[in-house]
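Trainee: Going down the list, the protein sequences come from chains A and B.
Take 1 as the starting number for the first sequence in the numbering used here and just add one per residue.
Take 1 as the starting number for the second sequence in the numbering used here and just add one per residue.
None of these hints come from the bench; they were simulated from the model.
By construction, the Cβ of each residue, glycine as well, lies at the ideal position given by its N, Cα and C atoms.
Do not rely on the hints blindly, as some may be mistaken.
From chain B, some residues computed to sit far from chain A (all C-beta separations above 12 Å) [as the list claims (entries may be wrong)]:
1. ASP15
2. ILE123
3. SER213
4. ALA238
5. THR243
6. ALA297
7. ALA358
8. HIS385
9. LEU473
10. LEU533
11. ARG543
Here are some, though not all, of the chain A residues that point toward chain B, as calculated from beta-carbon distances under 8 Å [claimed, not checked]:
12. ARG84
13. MET100
14. ALA116
15. GLU132
16. ARG133
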Amino acid sequence: MTGATVLAARSLSRHYGRDGGLVRAVDEIDLDVPAGQSVAIMGPSGCGKSTLLHLLGGLQRPTHGEIRLAGNRIDTMSERALARLRRDHVGFVFQAFHLMDELTAVENVELAALLAGRSPRRARRRAVYLLERVGLADRAGRLPSELSGGQRQRVAIARALSNEPLVVLADEPTGNLDSAATVEVLRLFDELRAAGQTLVVVTHDARIAAVADRMISMRDGAFADDSRFVGNAATTATATDSPTVFGWEG
Amino acid sequence: MAGRLLLVCRLLVRDLRRRRTETVLLLLAISAATGTLTLGLALDGIAGRPYQQTRAATAGPDVVVQPADATGPQALAALAPLATAPGVTGHSGPYPVAYLTLTAHGETVHTVVEGRDTAAAAIDRPEVTSGTWVRPGGVVVERAFADALGVHTGDTIGVDGHTLRVVGTAVTAARVPYPQAGWRVPGTPYTDPGGLVWVERGDIAALAGGQQSLSYTLNLTLADPAAGATIGAATSAAIHVTTRQQIADTDDRLVAQARKAVLIGSWLLAGLATAGAAGIVAGRIIGRRRRLGLLKAVGAGPGMIAAVQLAEYLVIGLAAAGIGLAAGRLAAPVLTGPGAGLIGSAGTHPPAPRTVLAALVLALVIAGAAALSPVVRAATTDTMHALADAATPPLRRRWRVRLSRRLPVALLIGVRINARRPQRARLAMVNTLIITTTLAAALMFQAQDRKARFLGPSELPDPENERTYRAILIVTFVLCALALVNAIANTWTAVLDSRRPLAVARTLGATPGQAAAGLAVAQLLPAIPGVALGIPAGILLFRIATPGDVRYPPSAWWLATALGVLFAIAALTVVPAMTAARRPVADALRSAPS
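All chains, full assembly: derive it from the sequences and hints.
Mentor: Here's what the structure looks like:
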């Protein structure tokens, strides 16, 4: 199942250095991601896939080109507007988890909701719900240092879903995990995909790519291949355009 | 709004709890400055309250008058019209006065001898603090004078060759206490430092060698105390008029030097605290770079990032102001005691609102000034850069690269650490500059003769200098403690910031010892110009604060100070540097995930 375009990029480029030392990390990329589609971006190290993800999420600014999220250009937005966009419409999952060491699992998950101005009670209810969904209800009061790698990444995923984002951007979400933890995270991503959550995942892991609706291969900052998997799309055909499984309850 | 507020408070509390050491260091740095400022302000007008208390207890006069140069009957004639002059509401005296010498414990000093009746006077009734009031053959010594002489009730002293027994000690508000009792140099209008004693009126003529040589003093109360200076118009003779305000002001001047020392010290401390706090804040920001990146990634804007940071420094600043006020108040009695010449107390009352306000403003200014640049940098830094927790690369300077190639490994590492963070190197230099300046100024004070300035050939403790000495000791102690905190914090910041470059150096073959030495060298290099500039700066500071001729300490003192400061810095930095250098390379190279 796919809907209207949620995320689009046109002639998107990000260059570093000058003259002879110019590096084209992302080079003239065009991309459209419809609502509900899960996209896996693969490629060798240094091909620019993480940079592309950061550009799409407004964490970095392009050298030129444009990016639209839900129809709004984000590459020209101010820092303040970008911050608002990230907290309301984008969920990030990082390879290194990036949880706050001093906050418990539930406090980490409610972080984005609190930043978005939700009431503490509502943010907590939502965080508890998401932790239940990722199977960590019994670990809600634990600090990140008391959780395994897989559990930390599941907390990070729950945090990314906190504000019902239009798109979840994941950068090597299984890169720091062992096999067992990778399976847990894969299952979670599959559930998200099945629920119609728009996903863009940068990965080296072919297993993630295998459950995606679409796989893009990158080389030297450009797309080398862009494949859509009808089978996967068919498996999501019953899902609706709006994510509901991980949506705000009540 | 409530959610964001909760988030700011939660992050604040957790971070303060998590980084207790840094929080304590920051509190110490700012509290030291606010505490010293509190102390300095407590000294301001310190003598006012005790003088008023002494005046009330002794029925002090509004005005004390004495003939300028007349003695004997002429002096009495000069004073006679004043007792009944318009505006005069009461008087005591005239009392005979002689300017003699006193010998006790082998010391011969100038003394003002005043003849008094055994019965208490209506105006100026000296408060007996031990023993009894005057009686024939006995002498009562002004308390501050007795303390300096080391005499007590029952001792025997000599006054111009006459032996007298000390029957008591007392205080008065009619004369400034020792050493400013107003001893007249015979035949001149000048006064010399000296103390005051009282004898029975009938004894004084014998001590002074006859009635003719006696001067007289008259104590007056006035309907309008503010008109005291004009009382001289009531007589045609030349007279000295001393108003109660002048006496109080002279009392106050006894603490002027100490006040100056503490106030200069508080400014030096404010500078040192700012430098130290800036170093600690920079360290905190480095330690939390990834955390800030994460906050930005999940949608915190620059304003929110700044709010999270500043809230911490606001809380720390407020707490430091409170601690400084309390510490300053506790330490105040050491310096603000009224001295033996007055009764009552100063500095034991709660701090004045202006002191509280000044301490608050100082604490917040230090916290704000130290935090501003790192907080702005944190709020505007690139999110991905922050998330990667990447060390700032050194600025490439061709000469520095060429130079470092020729240096031993430890020096090479030290030079490169400072090249990466030139601001931190400058803070380390400022830290050393301020502490060396203070030590040099303290050495200059130590080199002066603190006793011989007073009382001619004899050496007695000078309460003014003693008080100043105590003030300098306190300021120097606090400055040294703060410099110590700063040196440790600076090294700790360097350790945090350099952990990965140092780990890379170790993978390339540098030993832990070389890495540790490199970190220590990074602190020592900026300390050298700090020491070199601090010594002349301290001498200059002392010269500005102390006009007139001064003595200079021997060269060996300066050399010892310079080497001592450098050695102390090396010793303080080597422990955290060695601890950091022993950390496994793999841990440092790995981007610690959370």
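Trainee: Would you pick out the hints that fail for this structure and give their numbers low to high?
Mentor: When the structure is compared with the hints, numbers 1, 6, 8, 15, 16 turn out to be violated.
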